[in-house]
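A.B. asks: Starting from the known structure of chain E, arrange chain Z on it as the hints suggest.
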Amino acid sequence: MTDIAAPNAEGLRRDAAAERFSLFALCLPAVLLVLVTMVAPVAWLFYLSFLDDAGATTLEHYRRMVEQPSYFRTFRTTFEVSVLTTAICVAFGYPLAYFMAQLPRRAANICMIAVMLPFWTSLLVRTYAWLVLLQRRGLINTWGMELGLWDQPIALVHNLTGTLIGMVHIMLPFLVLPVYGSMRAIDRDYLRAAANLGASPTQAFWRVFLPLSVPGLLAGATMVFILCLGFYVTPAVLGGGKVSMVANRIATDIEMFFNWGAASALGVVLFAVTLLLLWGASKLVRLDKFLGGGA
Amino acid sequence: MTWLSAPASETQITHARRLWLYALAGVTMFFLVVPSLIVIPMSFSESQYLEFPPREWSLRWYRNYFGSVAWMDATATSFKAGVLTMLLATTIGVAAAYGLHASRTRWSGLIQGLLLTPIVVPVILVGIGVFYVYARLGLVNTLIGIVMAHSMLAVPLVVMIVTSALKSYDANQELVARSLGASRPKAFFLVTLPQIRFSVVTSAVLSFLTSFDEVIVALFVSGGANSTLTRNMFASLRDQIDPTIAAISTLVIVLTSALLVISQLFGRDGR
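Chains as they are written, first to last, in the numbering used here: chain E, 1 to 295; chain Z, 1 to 271.
These are calculated hints, taken from the structure and not from any lab test. Being a predicted model, the structure only gives us computed values, none of them experimental. Each residue gets a CB set at the ideal place from its N, CA and C atoms; glycine is no exception. Heads up, a few of these hints could be off.
What the hints assert, rightly or not - Ranges of calculated distance between the beta carbons of each label pair, as one might list FRET restraints:
(1) R63(E) to P194(Z): 43 to 51 Å
(2) V83(E) to Q173(Z): 48 to 56 Å
(3) F119(E) to Q173(Z): 31 to 39 Å
(4) P194(Z) to T161(E): 46 to 54 Å
(5) S47(Z) to G241(E): 26 to 34 Å
(6) F72(E) to S164(Z): 42 to 50 Å
(7) V261(Z) to R73(E): 42 to 50 Å
(8) A56(E) to G138(Z): 27 to 35 Å
(9) K242(E) to A171(Z): 37 to 45 Å
(10) S164(Z) to K242(E): 36 to 44 Å
(11) S164(Z) to W120(E): 27 to 35 Å
(12) S22(E) to A225(Z): 37 to 45 Å
(13) F119(E) to A171(Z): 31 to 39 Å
(14) F119(E) to R63(Z): 30 to 38 Å
Said to hold, decoys possible - Okay, derived cross-link-like pairs now, SDA-like style, lysine to any residue, Cα gap no bigger than 25 Å in a straight line:
(15) K167(Z) to A25(E)
(16) K167(Z) to F24(E)
(17) K167(Z) to P185(Z)
(18) K242(E) to G138(E)
(19) K283(E) to S108(Z)
(20) K186(Z) to G138(E)
(21) K242(E) to I241(Z)
The shape of chain E in the complex, shown without the other chains (with noise of 0.2 Å):
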């Protein structure tokens, strides 16, 4: 029995591996792609950032991040509007989602355009939008002096309040989805026993539905906090050149200086911030769960 059938399981093996072989070859253009358009470059930056004018191995380039303040003011920046961008995205954005969470699906999926319609929405036109309502002679100015509640045009833009306020837009969407889902899963059960229990409304909130929501909340947040540390355009337009956060100096390193090393010194510094972040998060809460389904 065995002497006939071995040579047949050896053929059936061969088969299974040549078919293996072959889908796996499907992957490949998306795989060698990605390879020349994203690993060698980034790998190519990564060694230039260990190299200084005349082709000797460095690290003058993440020395100067230390020692200059300007290096120390742009990662001050970036941090600040991150953190900032997401305290706010969280006080306006939990409500939201607490707000949705209450309402009857049908409802809750029509306030959900709301939420979605920034999604939708070219950041190039987002921007332009809050040039428009936010400059000097802009319609905030305009209406507010035109109704006499100040004088003055107050800078709402080239600024970090406008900064801010253009980030909070873009990113209100990635802090809600995550909130309103886990929201959505929490048992209402639970609720009903608290106040069985004794537990006033406000109780109840605290001791139980906010903990049961924290790790949706987390998830956006630490997502939030991610993509703000990585933005370019927003700062560009709405901060004018005076918000200038880890990207928009990469950017002048490359454009004005043509200084590779310091910007790809920052890139990595940027990259490995990232990445660690998403890998501390990632030992508290499943990130795949609130973001895979919805991003």
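C.D. replies: Just chain Z, lined up with the frame of chain E:
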């Protein structure tokens, strides 16, 4: 006012004590919606200053846009790049998702991870890196260069969407087709593909939009005769506020909405 004192939830809180929440949620939704909607009336204004509502209506900015060679060229480039990205990214993305799903070797996890990395790499890093590599390959300011970079950015979306569709698809149907004599490719195109078409259409639309909307990479690797629309819009936003942008923005909003509606209608599966 009986509504106000009625309970708002199982926890017996009343609507009256919830009013702040309704107000906050309303303001937040208003904040989310307004910028996308304000551009449309602005684009029909006669004035070159910002007024809302516009005092006089005209198609001046649309004439400006359609009459400008630079804007028309940039629009053509963006469309070409978008369509080619859609074709390239969807084809290789679907192939990769299917290959990974069906083969399941030791390396599958690693390859899938590799194909998804463009999501986590900061775009600015991709932008300058691609610029550096393209400068050596002579691909800067070429259409093929833009399409390659944009396809790389779109591939993770295609792979994610199609993989999740394949997971919920019963692969035994394909085995049945093959046992009845269909070759593997034939079984895929006749049996599997029609059933995952919704996700394929969705990924195609998203690939197009990924390219059409992309700013940062385009800023570095598109230029000259091959400047994209986003690159020109970004440059003009940085310099001055030209109401032509409002006209373009309105057209972009119309295009995006149309694509989303089409993908919903065309791709709607039986379920």
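A.B. asks: Next step is simple, just say for each hint if it's right about the structure.
C.D. replies: So, going through the hints one by one against the coordinates:
1. R63(E) to P194(Z): 43 to 51 Å: violated (59 Å)
2. V83(E) to Q173(Z): 48 to 56 Å: holds (51 Å)
3. F119(E) to Q173(Z): 31 to 39 Å: holds (34 Å)
4. P194(Z) to T161(E): 46 to 54 Å: holds (52 Å)
5. S47(Z) to G241(E): 26 to 34 Å: holds (27 Å)
6. F72(E) to S164(Z): 42 to 50 Å: Check passed, 43 Å falls within 42 to 50 Å.
7. V261(Z) to R73(E): 42 to 50 Å: holds (46 Å)
8. A56(E) to G138(Z): 27 to 35 Å: holds (28 Å)
9. K242(E) to A171(Z): 37 to 45 Å: This hint is violated: roughly 56 Å between Cβ atoms.
10. S164(Z) to K242(E): 36 to 44 Å: holds (43 Å)
11. S164(Z) to W120(E): 27 to 35 Å: Between S164(Z) and W120(E), where Cβ atoms are some 21 Å apart, the hint is violated.
12. S22(E) to A225(Z): 37 to 45 Å: With a Cβ separation near 41 Å, S22(E) and A225(Z) satisfy 37 to 45 Å, so the hint holds.
13. F119(E) to A171(Z): 31 to 39 Å: At roughly 32 Å between Cβ atoms, A171(Z) and F119(E) fall inside 31 to 39 Å, so the hint holds.
14. F119(E) to R63(Z): 30 to 38 Å: holds (31 Å)
15. K167(Z) to A25(E): holds (20 Å)
16. K167(Z) to F24(E): holds (18 Å)
17. K167(Z) to P185(Z): Holds, because 19 Å separates the two Cα atoms, which is no more than 25 Å.
18. K242(E) to G138(E): Within the cut-off at roughly 19 Å; holds.
19. K283(E) to S108(Z): holds (23 Å)
20. K186(Z) to G138(E): Given pair K186(Z), G138(E) is violated - Cα atoms ~59 Å apart, limit 25 Å.
21. K242(E) to I241(Z): Given that 25 Å is the threshold and the Cα spacing comes to 18 Å, the pair holds.
This entry does not satisfy hints 1, 9, 11, 20, going by the numbered hints stated previously.
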